[in-house]
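Chains as they are written, first to last, in the numbering used here: chain U, 269 to 560; chain A, 269 to 560; chain D, 269 to 560; chain C, 269 to 560.
Think of the hints as simulated: they come from the structure by calculation, not from any bench. Hints may contain errors.
Since the list gives no way to pick one copy over another, a pair counts as held whenever it fits inside one copy or between any two copies.
Unchecked claim - The calculated DMTMM-like cross-link candidates involving lysine to aspartate or glutamate, where the alpha carbons are at most 25 Å apart (straight line), are:
#	residue 1	residue 2
1	Lys385	Glu538
2	Lys303	Asp344
3	Lys385	Glu477
4	Lys385	Glu311
5	Lys368	Glu397
6	Lys368	Asp344
7	Lys489	Glu367
Please read all numbers here as calculations on a predicted model, not as lab measurements.
Protein chains: 4
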Amino acid sequence: MIPACDVQYSKGQGRFGLSKVGVNGVMKPVRIVRKEDGNDLNEVLLCSIDVCVDLPATQKGSHLSRNVEAIRAVIDECASNPVESIDAFAVRLSKLLLEKHEYAQNAFVSLDTTYFKDSTTPNGRGTLEGYNLTAEAEAVRGFGVTKSVVAEVIGMSACPCAQETAKEILGANGELPVITHNQRNVCTVRLTVPEQFEIPINTLIENIEGCFSSPTFELLKRDDEGAMVINAHRATKFVEDVVRDTLAMLVSEYTNLPDETEVWVRSESEESIHKHNAFAERSAYLGDLREE
Amino acid sequence: MIPACDVQYSKGQGRFGLSKVGVNGVMKPVRIVRKEDGNDLNEVLLCSIDVCVDLPATQKGSHLSRNVEAIRAVIDECASNPVESIDAFAVRLSKLLLEKHEYAQNAFVSLDTTYFKDSTTPNGRGTLEGYNLTAEAEAVRGFGVTKSVVAEVIGMSACPCAQETAKEILGANGELPVITHNQRNVCTVRLTVPEQFEIPINTLIENIEGCFSSPTFELLKRDDEGAMVINAHRATKFVEDVVRDTLAMLVSEYTNLPDETEVWVRSESEESIHKHNAFAERSAYLGDLREE
Amino acid sequence: MIPACDVQYSKGQGRFGLSKVGVNGVMKPVRIVRKEDGNDLNEVLLCSIDVCVDLPATQKGSHLSRNVEAIRAVIDECASNPVESIDAFAVRLSKLLLEKHEYAQNAFVSLDTTYFKDSTTPNGRGTLEGYNLTAEAEAVRGFGVTKSVVAEVIGMSACPCAQETAKEILGANGELPVITHNQRNVCTVRLTVPEQFEIPINTLIENIEGCFSSPTFELLKRDDEGAMVINAHRATKFVEDVVRDTLAMLVSEYTNLPDETEVWVRSESEESIHKHNAFAERSAYLGDLREE
Amino acid sequence: MIPACDVQYSKGQGRFGLSKVGVNGVMKPVRIVRKEDGNDLNEVLLCSIDVCVDLPATQKGSHLSRNVEAIRAVIDECASNPVESIDAFAVRLSKLLLEKHEYAQNAFVSLDTTYFKDSTTPNGRGTLEGYNLTAEAEAVRGFGVTKSVVAEVIGMSACPCAQETAKEILGANGELPVITHNQRNVCTVRLTVPEQFEIPINTLIENIEGCFSSPTFELLKRDDEGAMVINAHRATKFVEDVVRDTLAMLVSEYTNLPDETEVWVRSESEESIHKHNAFAERSAYLGDLREE
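Make the full structure from the sequences, and use the hints.
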């Protein structure tokens, strides 16, 4: 029999409290059951999970194994009592962490996954698209849980300035869309809200996709590819425009979210004319955006 | 001749101001001239550079090409008027960005590089070690420049808890250091100060290396390897200990830095017994750490 | 209606044939139904898929959209006629690629995924461990299909040389296991065989795990951690030893595989005493290994 | 005093010979002195270095510390006797490895670096561009040294098929260049030759850049950006075309290289219309390409 480890319990030796102590990169399959049109959709998401809690100055070490035990306990519980989203999973896990680490005041959880969603090409064909998705939760003892949903969406941006320049050089009369450089653009939106607010992920992704010059697709037959290229050249956008249009979309579409919702939007353009990228960002409270 | 691009100047169309607009991943060789023992040491560092400024709501687009022009101008200036460190480079560049983007209130610069430093093994042999180094600068119009130095140092941590357990199981009498698991540990320190404060990088790295169970070395002859392993097993540390010892070191060694110095310390242990990592963090003002 | 694209069909313009033309990084959830103890285990694996075919000199361009169509067709077929493994998926897809690209002589498929497997700690507790897994298939028109299974397994290696040195320096009498440095070790095994041979993945992973100083676990209670550390220090291994023991394991355990099985084994040790890694490799036919 | 380590020398215990044993990821600044227009250009390149040798079945372990000693010795020698290129460095290091590992028959060296080169925009402005560069050397005892130069060049490719489709849909009359999707394209060329052949790196990069729809630049004023976009749309290329044009360039420009030169060319297009990439490859002897 192994006696308890004195090393972790010798109180009072540590001079400084720590903001975060935990584990990162724990790989787990997470099962969610999503409601859609009245049906239950079973999905298994491969997640990389980070969890941590704070550590008071009086305590020598954090009980790291409790973190993995908590992850396992929530996964087990989901077998009988499923979650509807990875942010719901993160919230549930953050609460259990506070239970298990009785000395901690805060618990943080982050899950990264690849999420798949049905989409439709310009000419109406169905495709399946993948997105990096992150869910975070922070539980503060006595103050509830805040959660974040982070969607990283790939689209296309076509440059309005080079189009204008090309038009001038070529002497184009403006009847047809004019050439410009275009490229992959990654638009990332993070929304941070109290746990009771729902942010349906499929709608969020679709809303973001509407802010590019064009969304992108896994499979494009010739007519779809042509339509997509034409659409993009009729909706040219700088990285600044992608961010601003996304902010405007959030203000108009998310009227149910409270003013204190924290918003972070970033658009990064993998410039086809340079070896480096261009980017734009905005962070703000939703309430402030509503007034701008 | 190409007329000015109207697209970028059409004021008042953009509804939202943006926190950051710029370019990232610009690769450049940066020359620094470091003073050491009264000598000038010429070094060329390969840097990946990110720069951005804010954008007011009244302006349609940021002038992205000015960012690369500013980087080039500072590199050119360094030929005749060299900088002593990459944080000095970042500060100089942040000021020029505010000059070039007359509409901006803030400018941000970040440089990532690999830095090399002479070191010495336990038994006195010379080695050359590499470190990831980041310098950041934020210039606020009318309020001066704040800079950050971020040193990412690789060392070894050996686990005190598993050592205690192994001692109990084996019935070791404590005369010899007892086995435990050990692994790479990455300790990252970020210090944010007003631009006039100097943070000599070699000393900072050496100070951090003193907070591991042992520093690591590119080349170890047998006696050095033996000495290093013994040293590490006599200075076992959790990730929590690495962070706390680093915080204590900062308090005792950096008495010249002001209370408002922002400190962030993270230790991440690439656990040899798990497939995932363990980590600990603390962020605080130096003034608060001085009082804990 | 969009007429056929002449660009891709104008034959005879291309001077050089190409070895490979295709798409890479297509993300897809792939469902497999594994037989285990007479039961069907349904698993959904997140896969990154690369596919390509060769292109004769006479053909201007490859039909890239057929690659994604082929991936989708095999995923659809798996709904009614499931595969038992990702290598079976790769084989099926490689055959369909040859069908769809009638001008090609070779088709290549590669799937990368994270695979989970139940494991057991030294003291008998159950855990779930994750592994990077790759399956490849190459179909040659008229010559059948060859497939590869690549398992990347993380374990621990403890250094025998530093242990010997520490023993000498400390004057240890050899009764107790002596300290040494240990670290994460990644052992990768690739086996390439004709399509009809089965290589059960769970057994392969377990066999590789037996060749480390110790396997690693997501969750270790104190007694398990102590036992694991002691086990590892009683089975110290260089990277060379991990590779050789793996080769010996393959010879003794895979007597059913043919002599022409291509074997590649690599062990990489993330040295806790250095900032760089150490590695060893062997590639050979299984028949040659049987005679060494 | 530390006696010699018996562990590494106990012969005959190892059953299998190993193809490669060594270290990887050793970071070093490497100084080269390039001849250009009769001048000596001093450059310091940040290199990540891998080195290894084979290990016969009769030898228990490889002397890993000799690898780092060899790297240091060649760097020291370069202070007085500089190399002109990183491939010359790799060749010199591979020879020293065979000297130091008297039991080995083969030595392999690989250096990865970021290389900078002056370039010129379409309208004649100077820029500085960065490229990933790899040099490899393989020394076989008694058979000399073979070296490889690998240049990874980023450019732009614009799609001819989508341009054709857009032209049809839009009813464009062909007077002006028609819109299409374009994106970053990474073209990688590896040339493997006996050590005595020189492959000037600046010329190689420029030759590859001529095979894209357009090269890319760190800084483009408006007229340059417009010219570049127009150029690219007048030289649309599939990934297949980039590879084939590169192969044709190698045949016409490298008449001094022997028939047994090994050629590998890959073009990867970071498709702006998809979330995945498209790629094409060819590997061949230069002699075979000369006959196709």
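Indices of hints not satisfied (ascending): none
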